[in-house]
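Chain order of the listed sequences is A and B.
Those letters in the first sequence? Residues 1 to 264, by my numbering.
Those letters in the second sequence? Residues 265 to 523, by my numbering.
Honestly, I wouldn't trust all of these hints.
[As the list claims (entries may be wrong)] Pair by pair, the computed Cβ-Cβ distance ranges are: (1) Asn164/A / Asp345/B: 39 to 49 Å; (2) Asn304/B / Ile80/A: 20 to 30 Å; (3) Gly280/B / Phe252/A: 40 to 50 Å; (4) Asn164/A / Ile438/B: 28 to 38 Å; (5) Thr322/B / Ala131/A: 49 to 59 Å.
[Stated by the list, open to error] In silico contact screen, one side only, chain A against chain B (beta carbon under 10 Å); selected entries: (6) Ser24; (7) Val27; (8) Val153; (9) Leu157; (10) Glu161; (11) Ala201; (12) Ser207; (13) Ser209; (14) Gln212.
Hint data in this document are derived by calculation from the structure and do not stem from the laboratory.
None of the values given here were measured: they were computed from a predicted structure.
For glycine and all other residues, C-beta sits at the position ideal for the given N, C-alpha and C.
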Amino acid sequence: MANFLLWAWLGGLMIAAVAGPLGSFMVWRRMAYFGDTLAHAALLGVALGLLLQVNISLAVVLVCLLLALLLSTLVHKRIIATDTLLGILSHASLSLGLVSLSLFDHQSIDLMGFLFGDLLAIGQHDLLWIALACCLVLVILVSIWTPLLSITVNEELAQVEGINVAWMRTLLMLLVAVVIAVAMKVVGVLLITSLLIIPAAAARRLSSSPEQMALLASLLGMLAVTGGLALSWFYDTPAGPSVVVIASTLFFLLFSFPRSFRLS
Amino acid sequence: MSEVLLSATDLGVKRGNRWLIKGVDISLEAGQITTVIGPNGAGKSTLVRSLLNLIKTTSGDITTIKGLRIGYMPQKLKLEDTLPLTVARFLDLGRHKQHQLSPQLWHDLLHECRAEKLLNRPMQELSGGETQRILLLRALLRKPHLLVLDEPVQGVDVTGQVSLYNLIGQVRNILGCGILMVSHDLHLVMAATDQVICLNQHICCSGHPEQVSQDPAFTDLFGPQGAGNLALYNHQHNHHHTSHGEIIAGEHHEGCDHG
Numbered sequence: 001m002a003n004f005l006l007w008a009w010l011g012g013l014m015i016a017a018v019a020g021p022l023g024s025f026m027v028w029r030r031m032a033y034f035g036d037t038l039a040h041a042a043l044l045g046v047a048l049g050l051l052l053q054v055n056i057s058l059a060v061v062l063v064c065l066l067l068a069l070l071l072s073t074l075v076h077k078r079i080i081a082t083d084t085l086l087g088i089l090s091h092a093s094l095s096l097g098l099v100s101l102s103l104f105d106h107q108s109i110d111l112m113g114f115l116f117g118d119l120l121a122i123g124q125h126d127l128l129w130i131a132l133a134c135c136l137v138l139v140i141l142v143s144i145w146t147p148l149l150s151i152t153v154n155e156e157l158a159q160v161e162g163i164n165v166a167w168m169r170t171l172l173m174l175l176v177a178v179v180i181a182v183a184m185k186v187v188g189v190l191l192i193t194s195l196l197i198i199p200a201a202a203a204r205r206l207s208s209s210p211e212q213m214a215l216l217a218s219l220l221g222m223l224a225v226t227g228g229l230a231l232s233w234f235y236d237t238p239a240g241p242s243v244v245v246i247a248s249t250l251f252f253l254l255f256s257f258p259r260s261f262r263l264s
Numbered sequence: 265m266s267e268v269l270l271s272a273t274d275l276g277v278k279r280g281n282r283w284l285i286k287g288v289d290i291s292l293e294a295g296q297i298t299t300v301i302g303p304n305g306a307g308k309s310t311l312v313r314s315l316l317n318l319i320k321t322t323s324g325d326i327t328t329i330k331g332l333r334i335g336y337m338p339q340k341l342k343l344e345d346t347l348p349l350t351v352a353r354f355l356d357l358g359r360h361k362q363h364q365l366s367p368q369l370w371h372d373l374l375h376e377c378r379a380e381k382l383l384n385r386p387m388q389e390l391s392g393g394e395t396q397r398i399l400l401l402r403a404l405l406r407k408p409h410l411l412v413l414d415e416p417v418q419g420v421d422v423t424g425q426v427s428l429y430n431l432i433g434q435v436r437n438i439l440g441c442g443i444l445m446v447s448h449d450l451h452l453v454m455a456a457t458d459q460v461i462c463l464n465q466h467i468c469c470s471g472h473p474e475q476v477s478q479d480p481a482f483t484d485l486f487g488p489q490g491a492g493n494l495a496l497y498n499h500q501h502n503h504h505h506t507s508h509g510e511i512i513a514g515e516h517h518e519g520c521d522h523g
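Extracted from the complex, chain A is given alone in its bound form (with noise of 0.2 Å):
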């Protein structure tokens, strides 16, 4: 096997499976579209590390959480509806970030690569990076899981309860931002949430523990990268759009089911 192949595939297995667990999160705690928004500002960050000349990735990360914190801000003054505030601040941040790049040298960048991802042209080194990411995020979500879960059934619950709501909801935004990040590698800002909230929803219907769900939505996940590679391998077809192909197939054939279908 050639060693592109071989780093695409490792780099896309580990992002699918911390994308398991964190994309649980989202599902239940409706942040889809948050996530989309936020991949979206993706872009800008990528525009400001290549304008600043910093790490892109650190970049990406910082920009992230810094809308990621805005909307919350806004959200909680209610200025206007949630969806359409989220509506706004994702296009708007996709456009701005298209604009930027544009002013830039267009032979040194690959805005298809950043839309849709570069599976393919991960190399060694970014390989590191991602397991470094990875394995953060997997530790700190595994030590934050319990109040997280509890925040989730229900806040005021939790707040009473003595767990710090508003910090954790910052933390998982944060831990969405780094992961957006390293993915944006595998499937591009366009189709980043798609990896988080496919497999999840996708593991719901087997499932009947949460940690089940986010187990079973990283093996899938990592079925659909495994998947979507070998598509793009001998069909010739665009690795990040593969993969989200296969995991949107895993989806409707789990779907399909009868909905009494439960591991124990």
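Given the coordinates of chain A, work out where chain B should sit on it, guided by the hints.
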């Protein structure tokens, strides 16, 4: 007099130009059941939520005993269908690391709440009454000093309501905790209550149930029909209202500016 768990003075919450509650003094004691009643929009939930520190207050002070553990039962629980969660797991989330019920007590409460058979069911499949019982059970898991129940019988049928109120009374006896309860149905609550606070933005009247039920402010608020349900209590006036609703004599320091 038993220990005061939580007391608030001159509590006020203002949103925009409107006071949702204003000038509320309240004191909750161990072993006592305090019920807040009042019409819709009277600020009952606002009062409870400000006591729980869930919303910002505009004025007033809240003092509690050190390390006060509160068991809270929210008005209702909205759970996403996408979250696979059994009753047992939901209850686990409410456990306190240090303060746990003894196995015997846990068993008793599980039995009282008729929850043994529900433990393996998904939360989303519970009926309204079952959900309320599980919420109550979760609030009890941390051996609370103070139990706060926001309209505990909402969405429960009448027989269920009676048994739920009985259950709450028993819980007080078993755990010896103070209870703050919000309700808008009158006669069911009255029997099981030590102190009634009649709220309509401010405290219109408060005291023992029989005392409050005879209060003109109470009749003003609920009409003769509603108040009549409670007429079996003795008449024990401690103050009178003028025709403007101002109080002539008594413990109250504020007139009723409504109805």
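Do the hints match the structure? See the list:
For the hinted restraint 39 to 49 Å between Asn164/A and Asp345/B, the CB-CB distance of approximately 27 Å leaves it violated. Range check, Asn304/B to Ile80/A: about 28 Å between beta-carbon atoms, so the 20 to 30 Å window is met. Taking the beta carbon of each, Gly280/B and Phe252/A are about 48 Å apart, inside 40 to 50 Å as hinted. Taking the beta carbon of each, Asn164/A and Ile438/B are about 31 Å apart, inside 28 to 38 Å as hinted.
Look at Thr322/B against Ala131/A: about 51 Å separates their beta carbons, and that is inside 49 to 59 Å. Because the smallest distance between the Cβ of Ser24/A and any Cβ of chain B comes to about 8 Å, under 10 Å, the interface hint for this residue holds. Given the 10 Å rule on beta carbons, the hint for Val27/A holds: about 5 Å separates it from the nearest Cβ of chain B. At a threshold of 10 Å, the smallest CB-CB gap from Val153/A to chain B is about 6 Å, leaving the interface hint in force.
This hint holds: Leu157/A has a C-beta 6 Å from the nearest C-beta of chain B, less than the 10 Å allowed. Taking 10 Å as the C-beta cut-off, the interface hint given for Glu161/A holds, the closest approach to chain B being about 6 Å. Hint status for Ala201/A: holds, given a least beta-carbon distance of 7 Å to chain B, under 10 Å. At a threshold of 10 Å, the smallest CB-CB gap from Ser207/A to chain B is about 5 Å, leaving the interface hint in force.
For Ser209/A, the interface hint holds, since its Cβ comes within 10 Å of a Cβ in chain B; the closest pair sits about 6 Å apart. Checking Gln212/A against chain B by beta carbon gives a least distance of about 7 Å; that is within 10 Å, so the hint holds.
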